[in-house]
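S.K.: Line by line, the protein sequences give chains A and B. At position 166 of the first sequence (counting the first as 1) the number is 235 in this note's numbering, and the numbers step up by one without a gap. At position 408 of the second sequence (counting the first as 1) the number is 402 in this note's numbering, and the numbers step up by one without a gap.
Just so you know, the hints here were simulated from the structure itself, not pulled from any lab data. Misleading hints may appear alongside valid ones.
Just some of the chain B residues that point at chain A, by a computed CB distance under 8 Å [to be verified]:
1) P141
2) L212
3) H216
4) D218
5) V295
6) G319
7) L320
8) A422
9) W424
10) A425
11) L428
12) A431
C-beta: ideal position from N, C-alpha, C; glycine also.
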Amino acid sequence: MGGGRYGGRVSAQSLYLRDASQMQALSFTVHIPLVCFGIALPSMIAYLEWRHLRSGDPLYRTIARRWTRVMAALFAVGVITGTILSFEMGMLWPGFMSTFGGVFGLGFAIEGFSFFMEAIFIGIYVYGWPRLGPRAHLLSIAPVVLAGFTGSLMVISVNAWMQHPSGFRLVHAPKGAGGRAVDVHPLAALFGNSFLWNELVHMYVAAFIVTGFLLAMPYAVQRLRGRWGRYERTALAVPLTIAAVASPVQILIGDWSARDVASEQPTKLAAIEGLAHTTRGAAEHLLGWYAHGHVEFGIAIPRLLSLLAFHDPDATVQGLDAVPLWQRPPVNIERISFQLMVAVGTALALLGVWFLGVRLRRGRLPAQRAFYAAVAAAGPLSVLALVAGWVVTEVGRQPWVVYRVMTTTEAVTRARGVPVGYGVLAAAYVLVACGVAWVLRRLALAPLDGPEDPLGAGARTGEGSHAGGAGAGGPRASGATGA
Amino acid sequence: MICVLAGVALYAVLGGADFGAGLWQLATILAPHRGEARRARAERIREHAHHSMGPVWEANHVWLIFVLTVTWTAYPAAFGAIASTLAAPLLLAGVGVVFRGAAYALRSGTAEASELGLIDTVFSLSSILTPFALGTVVGAIASGRVPLGNAAGPLLSSWLHPTSIAVGVLAVAVCAYMGAVYLAADAARGDERELVDAFRARALAAGVLAGAVAIAALPIVHADAHRLYHRLLDGPGLAGFAVSVLGGASTLALVAARRFELARASAALAVAGVIAGWALAQQPLLLARLTLAQAAAPHDVLIALLVAIAAGGAILFPSLALLFGLLLRGRFDPGGARAQQGERARCSGEGAALAQAAGSQAADAQADGRQAADAQTDGRQAAGAQAADAQAGAGAGRLLAASSSGLCARLSLAGLIGGLGLLSAAEAPWAHGLGVACLFACMVFAFAAVDPTELARREDAE
């Protein structure tokens, strides 16, 4: 991600490093919000279907069915963006794959099986809706929930390994051919790694926050427009509760991750904080801009950085000057992304506390319009925080692809024409994004019993009488009867 | 290596049928439709292709991911060389995959003929592009045009040469063949005569075409990739080659005889034969001047990978069997659903009748009870006491619900405190693990305490 500009070893061969980095970053940014839906949405749908089975209330089933259509569409898009990512691993970073494919590849091989389980059981769940028994149908989503967890475990184990590599020995080959990994212990490399656990938990909880706020967003907009039946309230309350519960906890988990970064990747922490020189009792700078070796126009809070990073106001924090210039990541990208993530995360946590506080003290949903406006804004903001967090992780690793072992310059492809591929992919993704926006709008507006609906065959007859009108009029009607 | 090949074969068979189905959609779009009846028929063919593949395409597609991940784990250097030298066809295949998947996602959003037509056109074009591009990749590897190293081969001429193009065209033809056979069998199960005939004719035509392309490809390979040709026809590849010829021919015969289920199996065998023949002809070389043994990852990695694949397969294959069992037995068909619903409706009808009977019995019992109450002097008092009991019971229930919510809230607070202490204050890894567990418990209990569905219901009461 733009690391080439800062590298001291940049040669003519790595002409396309920036294009390759940006292409990878684009693919990743498109993919990661879809991953969140893959992780978190199945369990929300399962909760509502379980409520339906327990209470027999058709409303829950209607919501679950509508969300299932969203899940099916987003999963399909997630499948293709994920495929592109795995193509790019080899197309853009052959040096990385050739040398280390054997070390971390096992993680992806196991992830492949998780992906299989997800694909198989999402197929069964989506197409089996009117056709399987209710118990069997609810049970068929359990593997999807589980595979969402194991899949993220495996992928993040690879990322954590790139951040904190171990489990092999590198023998350098002549002519800078990248060397060869020997004494490989794939399991130790993937799982014997302290980075894995905090990255995994941080991402897994983030997935629930992002999905929760994004899913609550359209119903908050409905509330602002004056539509507030029981359908909207339920569809808002379930994802919002999950997001509200998870976002304050995320602050604690984020703090844990940051402390691990402080001890294992001090250069990344120095870039995040704009700390040029190794300092005892370092101050924390809010806002501002890093230039000429210090943060300009920032608000300095004395000793806070040492306190946060090492739980000791007098601790020494390593600065950027500990490594040569070419080994430093781009400081301002790091600082701004990190502060963005923390600021948005804190705001989301406060929103969650507002919701929980009203629930605890008054036993109802908040009544203020401002709350619903904030929930509507929280959806996109949570995606922003998610992407910013990944920027901190990945840009902060620069110029290394495998931390302190292999640079991105060594890993990048020597092939020409990377910008062409970048352009083609960007154009394809713009088209797909338009298509997805269009289909989500259609899915939100269309009645559930349309002939195009994969679940529609059951809605027209039999028990589907309630679902038949569940599109525009249905939720309102059921809300009215509830009153 | 066998795992990779099995993956390639399964992707070729399942994904191939998938691509073929897309291809036939295009054929119906391009063919001129004069008259209402023919247009309706074309639409039904497209619908059939879509419905047969909808539930399984993602699972079929994952085989490609499987092949990629296993290759880069087991043969990392070869993977890096292949992917960087053949970046262009891989990008084309990737773009094809993007549009195919997007078409599946978008198709659920519309029922309008014009929009469906556009989506299906995109879908079909990408269904041709992807197998062609992947075919050229295979052709480039098979003809030894991928040198070891980072993008060491030329960007274009390593895949735009006669062998690659021949293999690409062959891949498209084989996909068309597989797709038609698969869809014909599917239509036969659904008992749709018209569709069966349509796809039978297509399967026969595509089978003849695929055979012709294969025969035409032989002299090209002879001229362009001599080693491959000789090892395929004179050497170890002959067995695979023979199997594929036999399989292809017997599939044609079976389709002609309308034995579609068997035809599916023999078509799959033919494709597997081609791939086995290719592998046998090429071994022991993986790339030009790189043998399989040289390319392999360290021994421990391979062992771990094999164990992972075996364990994953033990979970995967029953699941796949479940999916295809449901699909092939027609459980996902619109017709099958209707039959089931009819059954369910009948059941609920019986249920209603039973309930009615029970209701009348209950009414009788009530009448009896009233008589008894009149007869007894303290009956009214008893009834009053019962009502009070019931009220108390309801009150206790509400109290219990409230206190369970309160209990959950308190448990959640306890989890938060535990998490805060163990994760943020403590330093040991085990404490961190326990802290994370506490925080997860905190979140789950907090969710239970909020009880969002009840919260949403409550608003109405106010």
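S.K.: All hints are to be evaluated individually against the structure, with a verdict given for each.
M.R.: Against the structure, the hints come out as follows:
1. The interface hint given for P141/B is violated, since its Cβ lies 12 Å from the closest Cβ of chain A, which is over the 8 Å cut-off.
2. Proximity of L212/B to chain A is violated relative to the hint, the smallest CB-CB distance being about 31 Å (cut-off 8 Å).
3. Interface restraint check: H216/B against chain A, minimum CB-CB distance 30 Å, threshold 8 Å, status violated.
4. Checking D218/B against chain A: minimum C-beta separation of about 23 Å lies over 8 Å; hint violated.
5. Nearest Cβ of chain A to the Cβ of V295/B: about 5 Å, under the 8 Å cut. The hint holds.
6. For G319/B, the interface hint is violated, since its Cβ never comes within 8 Å of a Cβ in chain A; the closest pair sits about 10 Å apart.
7. Evaluation of the L320/B hint against chain A yields a held restraint, the C-beta minimum of about 6 Å falling below 8 Å.
8. About 12 Å separates the beta-carbon of A422/B from the nearest beta-carbon of chain A, more than 8 Å, and the hint is not met.
9. A distance limit of 8 Å between C-beta atoms decides the matter here; for W424/B the minimum to chain A is near 11 Å, and the interface restraint is violated.
10. The interface hint given for A425/B is violated, since its Cβ lies 11 Å from the closest Cβ of chain A, which is over the 8 Å cut-off.
11. Against a cut-off of 8 Å between C-beta atoms, the interface hint on L428/B is violated, since the closest Cβ of chain A lies about 12 Å away.
12. About 10 Å separates the beta-carbon of A431/B from the nearest beta-carbon of chain A, more than 8 Å, and the hint is not met.
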